[in-house]
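*Asks:* Can you make the complete structure from the sequences, with help from the hints?
Read off the chains here:
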Amino acid sequence: MASLSAEERVALTDAVTRLLADHGAEADVRRSMETERGYDPDLWRRLAEMGVVGLTIDEAWGGVGAGPMELEAVMEAAGAALLCSPLLASGVLAAELLRALGDQDAQARLLPGIAAGTSIATVALTGEAGTWTEDAVSVTAEGDRLSGSASYVLHGQNADVLLAIARTGDGLTVFEVEAKAAGVTVTALPTFDHTLRLARIAFERTPGRRLDGEAWPAARAAMDLALVALAGEQAGGARRCLETTVDYAKDRFQFGRAIGSFQAIKHMAADLLLECESAVSAARRAATRLAEGASDADAAVSLAAFACADAFVRTTADAIQMHGGIAFTWEHPAHLYLRRARADAQLFGTPDAHRERFLEALGA
Amino acid sequence: MTLAAPDQSLRDEVRAWLAQHWKGLPRPAQAAVGWTSTPELRAWLRQVAQARWAVPRWPQAWFGRGLSDGEARIVEREFAAVGAPGAGQDRANLWANTLLAHGTQALKEELILPLLCHEVGMCLLYSEPGAGSDLAGVRTRAERTGDHFVVNGSKVWTSGAATADYGMLIARTDWNAPKHKGISFFFLPMKQPGVEVRPLRQITDERHFNEVFLTDAIVPAENLLKGEGEGWGVLQTALAYERSVMGEGARGARSGAPESKTEEPLIALAREAGVLGDPLIRQDLAQAIAWRRLNALNTARAKAELAQGASSPVMSLGKLAMSRILHAEARLRTAILGAESLLEGPDHPRAEDANFLTLNAYFTSIGGGTDQIQRNIIGERVLGLPKEPEVDRDIPFRDVKSGKHTSKI
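One line per chain: the protein sequences are A and B, in this order. Under the numbering used here, residues 7 to 370 are what the first sequence spells out, in order. Under the numbering used here, residues 116 to 524 are what the second sequence spells out, in order.
Simulated from the structure, these hints should not be mistaken for laboratory data. These figures come from a predicted structure and were not determined experimentally. Check each hint, because a few of them may be wrong.
In silico EDC-like pairs for lysine to aspartate or glutamate, Cα to Cα no more than 20 Å straight-line [claimed, not checked]:
1) A/256 with B/505
2) B/502 with B/486
3) B/223 with B/280
4) B/223 with B/343
5) B/516 with B/289
6) B/418 with B/184
7) B/418 with B/191
8) B/418 with B/357
9) A/256 with B/495
10) B/138 with B/122
11) B/223 with B/234
12) A/256 with A/277
13) A/256 with B/503
14) B/502 with A/253
15) B/502 with A/257
16) B/341 with B/225
17) B/223 with B/345
18) B/296 with B/225
19) B/502 with A/249
20) B/418 with A/13
21) B/502 with A/277
22) B/306 with B/331
23) A/256 with A/324
Pair ranges (Cβ atoms, derived) [unchecked claim]:
24) B/474 with A/146: 55 to 65 Å
25) B/482 with A/334: 35 to 45 Å
26) A/338 with B/501: 35 to 45 Å
27) B/314 with A/269: 32 to 42 Å
28) B/423 with A/24: 15 to 25 Å
29) A/192 with B/421: 45 to 55 Å
30) B/423 with A/41: 40 to 50 Å
31) A/146 with B/462: 40 to 50 Å
32) A/338 with B/485: 28 to 38 Å
33) B/485 with A/28: 39 to 49 Å
34) B/453 with A/135: 31 to 41 Å
35) B/185 with A/135: 57 to 67 Å
36) A/259 with B/461: 26 to 36 Å
Computed footprint of chain B on chain A, listed as stretches where at least three residues anywhere in the stretch have a Cβ under 8 Å from a Cβ of chain B [to be verified]:
37) 155-169
38) 248-261
39) 282-288
40) 308-322
Don't be surprised by glycine CBs; every beta carbon is placed ideally from N, CA and C.
*Replies:* What follows is the structure, encoded as structure tokens:
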């Protein structure tokens, strides 16, 4: 994948930040999260027009042809604003799976719609175990008919196209399935993070189209890019959350002084700054190594996965504590960030699982 | 790299000078880290200073050339390219820079050149038993008598005190002024009867530092930097140079995450101890290694941001991060070894290491500003949070409480 120049990357990120300031403010997020689909189609269209949805999709298929570094940068802005969208499901996970599989026909068929945002795709990857590991795949295929179920499918209820990983006689294979095909049952899952959409998808002798390519390596590649995107979102979200908390600590007076002047608060803020800045470093490093196709990209992505997940959860949790009572109310946005952080820390594997993978990547 | 014409001619001048004069130094002087002061090194440094390459940012009158920072970097790069020491002292020589900024004409004439040539040994006389984190609370007194000051008190955490010729001293000269305003800054001659140096035995059983007892020690009035009562400002200058040198050191660290071909030492230890399969140990291993790598990544990012001219909040986080790393690694070593960590001595080097590192981690989490002070600095200077109210800031120092009492003078 190519990369934009540093200036172009900054310009793109600034444009996304401005768009989200105008159309993705807290009130917009709250409105979107209460809708059934969970995102604002109008904002989605704008993101697609800007190139964000097809950011890492090849130019031949209508994408921008950028790489992990641009995606990570944009996701920092998206995370800061708690963007509600199927970007991770469609533009990142599904698109990258298609790229990595290398099935040209499938790419030609699906990627233009994904890049334009007119078609939403997602990947049915893990079963009820929710570990996103090879052994958790619980869809099986007999010929071109799928059975079994997948869970925790990102935006499964909004998808037009499902890319399902299934067990076949020859190992794992990716199937393209129309969401409206016979024998597909999509059940929206109630999510703790209201800005997230997950579904359980059951297949009953559902017809699918077998795609060429090695399924699991492609799924890993897709998850690696998704983890880099997620790391950017976590780093950006954590930074924003710390900023607003520090601002509050300067304004909120108790005992005749700003609470931020108390070391009890100040020291928490200093520790969180270390967490947030480390998360930013880790996310950007993972993006760079993945973009370069480096041999240690595995280690860099795993490191970012748990460092950013832990940083986001800790920052958002401590932010509530530092605010005090006001952040215990529904109207205050702090819990929205904590909910997002807790969700992000589970997608594509837990922090503990990523620590294990990191150690394995180091040869231990 | 292309340089503008004047820069090009400067570079050529440095190159030509080095080509003519730099012949390398005998082996022992070219130690892997730093330079030990040998006669050959001192002779070389004198040549460098007299040719005005040691401190090119400084004015003509003091061995300088009045160069800009960018021009001076060209000089430093040329010296670095051939491995010659002595350049860049206008950034890195804490003693000479402090003296140049605030010293009397007489003292500068006496010491600037010897300082640039490492011909005088120096030490720091800042901390006291009663003034650690709160450095402005120093109680060592300096009283003026004619053309000199008489100094009484004690200083602590002084390295190099036994061999130093001068100590940069902060002492209280006015007990009626508020704490920051009654302090003066001196170059105290160390080799005199009123100065007693006692090595300090650390919790690691090492002796890197000293206590320095000052009993009617004499310091000439010309060794006072700036004015009486203006020592706090001088100290800030000195601390800024010290931090910038420490910062340079940090910035010179490995860029990006290490990609060592050899195994991480902690993994090797766990493997050797037979616990690499323990899932709890594995989690802690991953986390400890991660913290070290994250710190390297932060440093590399800060360096890149500074190079682009942006200020970076990340630079100030390194010390706090390192405390956490060192304590965590020591804890993990102990967990890996289990009961073996009960032991010490040459037959038990792994235990010896774990136990030493456990104790020595405090060197970083206390020395050079405790983690708690560091968090205050980050909170206040980086995040812009307000300071705690200071009850002792604007009252005469003699009324400031020390323990349960006010100062007795």
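*Asks:* Should the hint that residue 338 of chain A and residue 485 of chain B are 28 to 38 Å apart at their CB atoms be regarded as holding?
*Replies:* 34 Å Cβ-Cβ, so the 28 to 38 Å window holds.
*Asks:* Verify the coverage statement for the region 308-322 of chain A against chain B, using a C-beta to C-beta distance below 8 Å and requiring 3 or more qualifying residues.
*Replies:* With 3 residues closer than 8 Å to chain B, the region 308-322 of chain A meets the three-residue bar; holds.
*Asks:* Can the region 282-288 of chain A be counted as covered by chain B under the rule of three residues or more with Cβ-Cβ separation shorter than 8 Å?
*Replies:* holds (count 5)
*Asks:* Mind checking the alpha carbons of residue 256 of chain A and residue 324 of chain A for me, to see if they're no more than 20 Å apart?
*Replies:* 16 Å, holds
*Asks:* Per the hint of 40 to 50 Å, is the separation of the Cβ atoms of residue 146 of chain A and residue 462 of chain B within bounds?
*Replies:* 60 Å, violated
*Asks:* Would the pair residue 223 of chain B and residue 345 of chain B pass a check requiring their Cα atoms to be no farther apart than 20 Å?
*Replies:* With Cα atoms ~18 Å apart, residue 223 of chain B and residue 345 of chain B stay inside 20 Å; holds.
*Asks:* Under 8 Å between beta-carbons, do enough residues of the region 248-261 of chain A, three at least, approach chain B for the coverage claim to hold?
*Replies:* Three-residue rule met by the region 248-261 of chain A, so holds; n is 3.
*Asks:* Hint check: residue 223 of chain B vs residue 234 of chain B, CA-CA at most 20 Å. Holds or violated?
*Replies:* Holds, at roughly 14 Å.
*Asks:* Can the suggested window of 32 to 42 Å be confirmed for the beta-carbon pair residue 314 of chain B and residue 269 of chain A?
*Replies:* 34 Å, holds
*Asks:* Does the Cβ distance between residue 338 of chain A and residue 501 of chain B fall inside 35 to 45 Å?
*Replies:* Violated - the Cβ-Cβ distance for residue 338 of chain A and residue 501 of chain B, about 23 Å, lies outside 35 to 45 Å.
*Asks:* Has the hinted range 15 to 25 Å been met by the Cβ atoms of residue 423 of chain B and residue 24 of chain A?
*Replies:* Hint holds: Cβ distance 22 Å, inside 15 to 25 Å.
*Asks:* Has the given pair, residue 306 of chain B with residue 331 of chain B, been kept, meaning a C-alpha gap of at most 20 Å?
*Replies:* 13 Å, holds
Figure legend: structure checked against the earlier numbered hints; hints not met, in rising order: 10, 18, 26, 31, 36 and 37.
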